[in-house]
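Enquirer: Required output: the full structure, derived from the provided sequences and hints.
The lines below spell out each chain.
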Amino acid sequence: MATVASKLYSDDVSLLVLLLDTNPLFWSNTSTTFSQFLSHVLAFLNAVLGLNQLNQVVVIATGYCSCDYIYDSSLTLSGNSESGRTGMPALFASLLEKLEHFIVKDEELIKEQEHDERIASSLLSGSLSMALCYIQRVFRSGHLHPQPRILCLQGSPDGPEQYVAVMNSIFSAQRLMVPIDSCYIGTQNSAFLQQASYITGGVHHAPKQLDGLFQFLTTIFATDLHTRSFVQLPKPVGVDFRASCFCHKKTIDMGYVCSVCLSIFCEHHKKCSTCGSVFGQSKLDGASTVSEKKRKAPDS
Amino acid sequence: MASWKVKHKSSGTPGTLNMGKPHIFEFETYQDMHACRDVINKAFAYCESLKSNSVLQTWSYASRFSEKISNELQILHKELVQSKVQKMNFWSRRKELLGKYSIGKWKQRVGLMASSIKPSTDGRTNRVTFNLTPEIIFQIFNERPAVSQAFLNYVPSKMTEKDFWTKYFRAEYHYSTKNTAVAEAEAAEDEVLSVFLKPDEILAQEARPKIRRVDPSLDMVADQGDDYSHTMDLVEPQNDQFGRRSLSQDINRHSATVLEDRCIDVESDDSRTIAEALTLAKQDVESDDSRTIAEALTLAKQVSKATKDAYQERLEKLSRAIVMEDLKEPQNFSFVPLSTKDPRDYFESQQGIVLNEPRVTWDSKRNVHDAYRSLKEPVVQIRTKGLSAPFINPEVSFKVLSELTQTISDANTLNGKNQPESVLDRLPKSMKHDILHHWALIQELLRHFWSSYPITSTYLSTKVGRLNDAMLNIDSQLEAMKEPVRSDIRHEVSSPVCSMQKVSFFRYIDKEFYVMNQIVDGS
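Protein chains in written order, with my numbering: chain A, 35 to 334; chain B, 127 to 649.
Warning: the hint list may mix true and false statements.
Said to hold, decoys possible - Now the stretches of chain A that chain B is said to cover, found in silico as 3 or more residues with beta-carbon under 8 Å: (1) 55-67; (2) 157-171.
Unchecked claim - One side of the interface only, derived from the structure: several residues of chain B facing chain A at Cβ under 7 Å: (3) MET159; (4) LEU441; (5) LEU501.
To be verified - The calculated DSSO-like cross-link candidates involving lysine-lysine, where the alpha carbons are at most 27 Å apart (straight line), are: (6) B:LYS204 / B:LYS558; (7) B:LYS511 / A:LYS132; (8) B:LYS502 / A:LYS145.
Everything labelled a hint here was simulated from the structure, so no lab data went into it.
All of these numbers come straight from a predicted model, not from anything done at the bench.
Cβ coordinates follow ideal geometry from the N, Cα and C atoms, glycine included.
Expert: Put into structure tokens, the structure is as follows:
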């Protein structure tokens, strides 16, 4: 029995955790429509499930205020494949139903929330954490499991306030050896996604032609981890390594770093807000006067 | 010593043909060995008969044998020897290239230092014997111009050659035994002996202008006054008349002569001829190098106006070369501070995304509602109506695919690794073969070209001209070959041509110098 199972779970069986960006602000301001995007993604998911009988797909919606699992192929597989009057496979019907519920819930949450000047980013850190939790559960289920990977389909800009959480998720994924692929469809560039893919050894790509999204998805992101060892995938030219400061959540390229816990600050503090270490007096102010004194000494 | 591995295409048990100690030939099969035995035997018989002659001929005979083996070499030989390079030259260059495989004699000569000539004693009597060979005489004359001068002055008129050398080595012996008191006593009586004991006046004269040219800020005497000088051994005072030359002085002088690489063509046992030839050679060098600028300028006035400019230019170059950059005060370069206003621009320009839309934030509550509705509607629509039949255009699909392929292959060429094929592989096979052949030809021609520098005779000059013509010929052939090639790789086909152009350029410069030297020597 075990041999049969191990034969079935060969190296190209994959568990794809798809993080779907459902940020309403992004979708209301972009050139492609959400329906178009959704049809490409659904076709892609179908293709992934068709690649291998044992392939598994989990979809997590990344909203503005919340995130949630909206689809798990392992749960719906047992159900009857009722096609209904629309000709839709059952799995998509359940996905769309859950997505609708999720959007409604997300909208309610934003009404409750106090409206502040937050950048219109989606909750990437939350969905990344959920994906990792799911993968962790799969890892603990036994030694026979599909090869997991995460795919971020993101269009919203990065939320610098999520920097620490996102980075923690990225490092957890790195530790679990789960690659984070990222497909950025927004207009700006996502430093988070670039770093995530770079650190975890995933693929990052920003397609320019969104009406051909399905082609991008199937060509680049449908490749399982085994296939990647002999398939040439696009490599990014550079990676945006900038960090967000911990104090004001601003994206900075130069700042102060705590020597104890490596927290990043955009300005000098007396005490590290993360670990409580007390910083000494900055020598920068005194340095100029010291050198002045030294230079003047021989003259007098 | 010299072993020659001969490889044939057929593989089998190796055969060894031992032709005495220095020559062992290895063959892959016994058949090959038998086939080649006759040729080698002939070569050795030929070699024996010409033993007194240069080894070069042996080599050229052996090379006839090697031609059979190396097909590539044969083609080169055929191409070059007929028209462009003389046979002798071809093989002599080859021989040098093969280095360790070459036959004996091409070893480094054992160095000879005038002060290191040691006497031999028989151990019973107090007699000390110095063995003198023409090489030693040459070396002594070369390193000590004063001795050479004294020899020319005294030898036939005042004393015999034997007397001269006896005196010289007596002085040397006193030096080596550190018996300065005796040396001084003898020098007081003998004029000739004192010449050997005094510091070399001619060398000192040569050294003076050299020292004058050194940047005054490099003060060696001042350095001696530094703190660490007390750690050094006490230096013997050099100013007394018969001060001993230190070992470092001897070594310095010896290395100077080695660097000058002065050899005289006269193969003679006559010491006088050697001395005269050396003095002549010295004067030549002096006229070339160590003339003061003032002298050179007056000379430049004498030569015709055309060459005058060239000479001036060279003098300027010389004076520029003497200036030491490090010792000058730092030049104030105008600098532009590196300004990276927004690093995001940098990354976005790399990614090819130039869109810089202003960040959108929530405007009003109404907007939020609209946004959510626009998100909800398509979901409901797909749920009820299903997906629209062709959700992707095949043309778009194809475009995406070809773009992706292009990006990946571009990235590979940029990275330089995993490059699937070189330019040569993209060319037709026959053209690839031709280019490789031309490349080998150029390599060979260039070797001959550079080996004939510096041009010291008209023979070499014509040879260089011939070689250059041959290379230009290949140049035109390559140009013709480039015609049908695709435009994007056309440049890379002609890359060997570029190296040739450089060579022609260097040659041009060198020829200029050659003409100039002739004029200077002639005047």
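Enquirer: All hints are to be evaluated individually against the structure, with a verdict given for each.
Expert: Here is what the structure says about each hint:
1. 55-67: holds (count 7)
2. 157-171: violated (count 0)
3. MET159: Because about 48 Å separates MET159 (chain B) from the closest Cβ in chain A, which is outside the 7 Å limit, the hint is violated.
4. LEU441: For LEU441 (chain B), the interface hint is violated, since the closest Cβ of chain A sits about 43 Å away, which is over 7 Å.
5. LEU501: Holds, about 5 Å.
6. B:LYS204 / B:LYS558: holds (20 Å)
7. B:LYS511 / A:LYS132: holds (17 Å)
8. B:LYS502 / A:LYS145: Holds, at roughly 16 Å.
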